[in-house]
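Asks: Read off the chains here:
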Amino acid sequence: MNKSVYDSPETTAVSRRHILTVLVDNEPGVLARVIGMFSGRGYNIESLNVAEVSNDEHLSRITIVTEGTSEVVSQIEKQLLRIVPVHSVSNLDEEGSSVEAEVALVNIDLNDSNKKKIYEVCDFYRARRIENENNYVIFEIAGASERINRFIKDVNQITKIEIVRSGPVAISTYKNTKEE
Amino acid sequence: MKQEMTGAEIVLQSLVDQGVEVVFGYPGGAVLPIYDTLFKQNSIKHVLVRQEGGAIHAAEGYARSTGKVGVVLVTSGPGATNVVTGLTDAMMDSIPIVCITGQVPQHLIGSDAFQECDTTGITRPCTKHNYLVKDPNKLSPVFHEAFTIAKDGRPGPVLIDIPKDVQFAKGNYTQKEKIIIPSHRLFEPEIFKNDEKINEVVNLISKAKKPIFYIGGGCINSGPKAAELVSQFVETTGAPATMTLMGLGVLGSSHSNSLGMLGMHGMYEANMAMHECDLLINIGARFDDRVTGRLDAFSPNSKKIHIDIDESNINKTIKVDVPVVGDVTSILKRVIKVWKENNLKTNQSDLKLWWDKINNWKKIDCLHFTNNEKEIKPQYAIQRLYELTKDKKTFITTEVGQHQMWAAQYYKFEKPNRWLTSGGLGTMGYGFPAAIGAQVANPDALVIDVAGDASILMNIQEMSTAVQYRLPVKIFILNNEYMGMVRQWQELLHGGRYSESYTDSLPDFVKLAESYKAIGLRAKKPKELDGVINEMINTDKTVIADIWVSKEENCFPMIQSGSAHNEMVLSKDQKQDKLSAEKGKILV
Numbered sequence: 001m002n003k004s005v006y007d008s009p010e011t012t013a014v015s016r017r018h019i020l021t022v023l024v025d026n027e028p029g030v031l032a033r034v035i036g037m038f039s040g041r042g043y044n045i046e047s048l049n050v051a052e053v054s055n056d057e058h059l060s061r062i063t064i065v066t067e068g069t070s071e072v073v074s075q076i077e078k079q080l081l082r083i084v085p086v087h088s089v090s091n092l093d094e095e096g097s098s099v100e101a102e103v104a105l106v107n108i109d110l111n112d113s114n115k116k117k118i119y120e121v122c123d124f125y126r127a128r129r130i131e132n133e134n135n136y137v138i139f140e141i142a143g144a145s146e147r148i149n150r151f152i153k154d155v156n157q158i159t160k161i162e163i164v165r166s167g168p169v170a171i172s173t174y175k176n177t178k179e180e
Numbered sequence: 001m002k003q004e005m006t007g008a009e010i011v012l013q014s015l016v017d018q019g020v021e022v023v024f025g026y027p028g029g030a031v032l033p034i035y036d037t038l039f040k041q042n043s044i045k046h047v048l049v050r051q052e053g054g055a056i057h058a059a060e061g062y063a064r065s066t067g068k069v070g071v072v073l074v075t076s077g078p079g080a081t082n083v084v085t086g087l088t089d090a091m092m093d094s095i096p097i098v099c100i101t102g103q104v105p106q107h108l109i110g111s112d113a114f115q116e117c118d119t120t121g122i123t124r125p126c127t128k129h130n131y132l133v134k135d136p137n138k139l140s141p142v143f144h145e146a147f148t149i150a151k152d153g154r155p156g157p158v159l160i161d162i163p164k165d166v167q168f169a170k171g172n173y174t175q176k177e178k179i180i181i182p183s184h185r186l187f188e189p190e191i192f193k194n195d196e197k198i199n200e201v202v203n204l205i206s207k208a209k210k211p212i213f214y215i216g217g218g219c220i221n222s223g224p225k226a227a228e229l230v231s232q233f234v235e236t237t238g239a240p241a242t243m244t245l246m247g248l249g250v251l252g253s254s255h256s257n258s259l260g261m262l263g264m265h266g267m268y269e270a271n272m273a274m275h276e277c278d279l280l281i282n283i284g285a286r287f288d289d290r291v292t293g294r295l296d297a298f299s300p301n302s303k304k305i306h307i308d309i310d311e312s313n314i315n316k317t318i319k320v321d322v323p324v325v326g327d328v329t330s331i332l333k334r335v336i337k338v339w340k341e342n343n344l345k346t347n348q349s350d351l352k353l354w355w356d357k358i359n360n361w362k363k364i365d366c367l368h369f370t371n372n373e374k375e376i377k378p379q380y381a382i383q384r385l386y387e388l389t390k391d392k393k394t395f396i397t398t399e400v401g402q403h404q405m406w407a408a409q410y411y412k413f414e415k416p417n418r419w420l421t422s423g424g425l426g427t428m429g430y431g432f433p434a435a436i437g438a439q440v441a442n443p444d445a446l447v448i449d450v451a452g453d454a455s456i457l458m459n460i461q462e463m464s465t466a467v468q469y470r471l472p473v474k475i476f477i478l479n480n481e482y483m484g485m486v487r488q489w490q491e492l493l494h495g496g497r498y499s500e501s502y503t504d505s506l507p508d509f510v511k512l513a514e515s516y517k518a519i520g521l522r523a524k525k526p527k528e529l530d531g532v533i534n535e536m537i538n539t540d541k542t543v544i545a546d547i548w549v550s551k552e553e554n555c556f557p558m559i560q561s562g563s564a565h566n567e568m569v570l571s572k573d574q575k576q577d578k579l580s581a582e583k584g585k586i587l588v
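Residue numbers (the working numbering), protein chains in the order written: chain R, 1 to 180; chain B, 1 to 588.
Okay, chain B solo, but in the shape it has when bound (with noise of 0.2 angstroms):
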């Protein structure tokens, strides 16, 4: 049935029809008519943001939190250029998004006009594949097509830009059921070819003495059924298992086969035992380089297995042995169930001497601290959080930098979606909008930005946001008066000369809370930190906790750049040796 309607109208049904609940957006001259028609109608809700960087932030987290896709409505110039840094952020650490921005008219395109730019053009390489829609009997069906490629395969961003004529023009409405995507526009999984593959990578691993699983965000999103068929195929085998920053909370914690986080800031035990296994099986992850350090050196003696959706990681940094390429979930149910018919065991023996081995690197003990009665250490407050709050529905956000990787180390994730962080991107400024589309998406949740001094003045402005439509999101400020990840840099690798990275004039956080009529709070010793904590979670308001912590803390265990996973660095006092430390310095 084809109706007729206003292009903006049209906009309106297609996400209606698409289910969409909620929009983060900001108004804007270029997308006046969207927001007519939104002031018209019930059924999308719409969340004013304070800056667009904020809104596509939000959406991230909306997405990251529910598995949906996240919708974000903005206008023509800076509009659109403001949420190129959440698009590029959502593209790397593939998060599903349709982002709605508005464009000058028609014939007021390459004229140089008031608010235009070429978003399409600015934004083709940061989105999975965008639109400038001409006709407005194409907007349904572009709107259907978009959010199939945005949930499609590798999800990501997608952006569509409607000209201000367009959303005036009548045209006809399409139902979704009534588009048809062409199969070459879409993610093909390669089924038959993979079926080889499949028996390959069970006799792999039924044979291997020292496996290890190595587990990533195409785990959480190809939707709640991979993290069971993990943690189930992981515990068949008896394996050890690694996640990466995107991947934590596949594997509970406490799951017993569960080695923690890998990679730069990652536990010593995962990253001995990436560097000794004698087979690798990457699930859903893509060798980042905070993952691998020095490629010449990445888990030398492995056979090495590659699961992912999209083939362009395969072989992209890493060479690997048998590539599948796949859905996690479809896959890993064809594995379990080759791997039930043929009857297959590990060896126990093979994989108790294994086991013998990891247990002695755990006995380093690498999390250690030394804790003191005067002055809070980051570490300590991230580990009260999580006790304090471990019973309850937690999502915690982060911005980047020191904090996130003390999140990442001592926080415990247990369930998968619950954790929220810029991996691919480390986008300073998004754990605080993504804590608010995180508190959108569920009313009932605990949500908490673990962020920095620095990080969280990058979107503070969304206060404003938080306290208008209520949303109890918790800020937890470990405040060293820093940029702290930058500082440790440049301890570590030049000199101690702390260029820039002190964060002078910072606002009072108590008193800046305040004035948004939000909580603020502070603990300047340990013994205030749980009565802090406390308050913050048992209050249904916004509120800053400002936690003041040891100034000169550095992020400990690390793989340095330049450094291989058998090189980690467990303190201070253990330095790296000059030369790989010259050659780490040119890298990021």
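In isolation and in its complexed conformation, chain R is listed as follows (with noise of 0.2 angstroms):
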């Protein structure tokens, strides 16, 4: 549970799936100073996302999901507090409802045998086609990402593919009247 180099007195809390934002300056180093933090203190990134979210402030948003018990993620928000240019830190978890997204984009090799049965499932999941060569397809599909990996489930059935995710970024379902 906790960093310490003496054992730790709880061991049954229960570690889970969270989504942090965090609101930087969008200055040189600060994703690296964000990163470093995790890797620094022994923490886990499964996914994390950047872009500039203001360009007059210079701000970007930064999502991270991470696994951890509530005490580890905790001190994880704490920790991103204590760097400068960070202005705040939510778990969305922890705020009541969000929604989040994430988009995939997906290269299939196509062939007269396969290309009926791809079309199909890309129809199913509602993947966007948006380059087509003679032998193969890239499609783009957002949303969810359960439903993304049932979707990578169900081609890789088919035939072989390659694939890049963003990994999801998340946004607080109600509305601040004022973020910093």
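Worth flagging that the hints you see were computed from the coordinates, not collected in a lab. Computed from a prediction, not measured in an experiment: that's the story for all the values here. Ideal Cβ placement from N, Cα and C applies to all residues, glycine included.
Below, computed lysine to any residue pairings styled on SDA-like, alpha-carbon distance capped at 20 angstroms:
no. : chain 1 : residue 1 : chain 2 : residue 2
1   : B       : LYS207    : B       : PRO300
2   : B       : LYS319    : R       : SER74
3   : B       : LYS134    : R       : GLY29
Label-pair distances were calculated between CB atoms; the ranges are:
no. : chain 1 : residue 1 : chain 2 : residue 2 : range
4   : B       : ASP118    : R       : ILE163    : 26 to 34 angstroms
5   : B       : PHE168    : R       : ALA144    : 49 to 57 angstroms
6   : B       : PHE168    : R       : LYS160    : 56 to 64 angstroms
Looking from chain B toward chain R, a few residues come up when the C-beta cut is under 10 angstroms (computed):
no. : residue
7   : ARG124
8   : PRO125
9   : TYR131
10  : LYS134
11  : GLY153
12  : VAL158
13  : PRO182
14  : HIS184
15  : LEU186
Reassemble the complex: the two chains are provided individually, in unrelated frames, and hints are given to aid placement.
Replies: In structure tokens, the structure reads:
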């Protein structure tokens, strides 16, 4: 549970997935500070996503999916807040409801025998075709990670594919009046 | 008012504007423009060290002994990598430092240029914050922000990396008053959240039957007022108080409520009281593993209050009942105010029973050692050092190891900021340069580095610095020809196999001192000790006093790793049970 050289007195705490969203000044090295804190203190990053969200104020939002007990995740939040360019940290799981989505691009080898089946699966999952050549096709699928997992599993049963995934981004469903 | 000047001039002007008087440094290719500007001015004094590692520890000693920010100036590449240990040390012990490093010119960054390294990358985890400044116009805002961040909230080191071309380029200087630092970049105490907490704190204290104050380095960092307020509140409540290694001096050793230091080599009564208390009031300490011992047996029956400026320390290793996040001084002021307004009192008869118990533990006399006339006991050496220096304005620094613990146990500190030691990182080689820094800041004081024969060799080159600046620093070596603490652990946990812990071919420390044109003294027998100490403190030169002490003396009392506060080992004959010794062996 904790990070002492001594044995932890409690070992029963439940470890589960948390989504943290971190608002930062978009300045050089800020991402390295955030991920360095995770690796340096031995925390997990399952996925990570970063992009500028406000051009004029130079703010970026980092979405991190991590796994840990609530004690560990609370420690992660506090350690993140120590980083000077960090404005705020929210644990979306603990702030009530939130929605999350991720994007995957899938490059599929096409031939006459699998073509029909593949298009059926893609239609079923509403994957969008974004590039089409003779022997391959690239689909884009967005939505909950679980849905993307199922899509990949189904296509994988038909043919060999190459995948890139963005990892989830998430947002709280209630609107903050002021965010800082 | 904006003025145009070169980057190097902006650096110096920023330092002057920040009230900096001394810079500890070492020149090199990538900082030559700054050294050139330094040459042309008189407001800032530069102390030339002999290795960059010495510069940063000297700045730490300067900062710790004055409460001001310590400033370091070194070159790129090896200059920067040599300060990494000191930056980490300052990070762990919350010492405010601004470290300026030169960098290769911007067009060479990333080309593996001569003396290039990724300074901001290397120092990111061991600084509070760091900067690579690419625009001379941004230099002054960065400097003023850096000084604020170094001092703000929980203090720490900040590094500013400046490419050589930026030092030459012209830019505008902005005064510190004109710089607005966005609030999220600074520490913000949650004053309003704390109101209820303060009530809880005073209620718990007034109702406690067996309370104890656990006082840490935060009470020193918070400024001289904090120590006064702590003493005042401890006296008001009548409760016992124990201090961490970093907190020594907050409450005077002679204070009747003080139980001295706690932890691995702390006082028996302090650790027993921590174990048995029903209320633990942590002020500015962080439940370090050297203090807590085994976590599942740490103060098992107490409610815990934790006052800390760094929220990440709350519930990090020990779960607490009442966390209060904020600066010790401002929180204690309010605690005392609420205590008085509500006319609160502690229960005197309960406290009497508690003190009776504590006084019984005191009878164990855990610091007892057997003196003899043949050889100097290290504990005796520290006792005599204390007796002969207690009436002077004395600063004690230490290296790391047995001598450090003996100094903490047997030297009695009455004031804050007089005890400078590397607590968190445990850096051998800290004490001597730190003493140099403390002496620069306090020219009239007596500054003594209590050292071991192994530790002192880690920064012995600074003899040259001490002599050059006529700094009358005293090095008091407890010489047992061993890395004493390593040997002690090998004796207790590794079957007495003294693997590589014997220091063969030690220098003759008297001749070593003389070769630097300093004074070398030696005491081999107990009867020579007082004479050597007196001679040492009465010369106005740098002195090495080589004190030959018993070779295989151990530091006791001790909580061996893997044990709890109530399982202290008081002497060599008392063995730890085998099972917990095996378990403890894997720990640090």
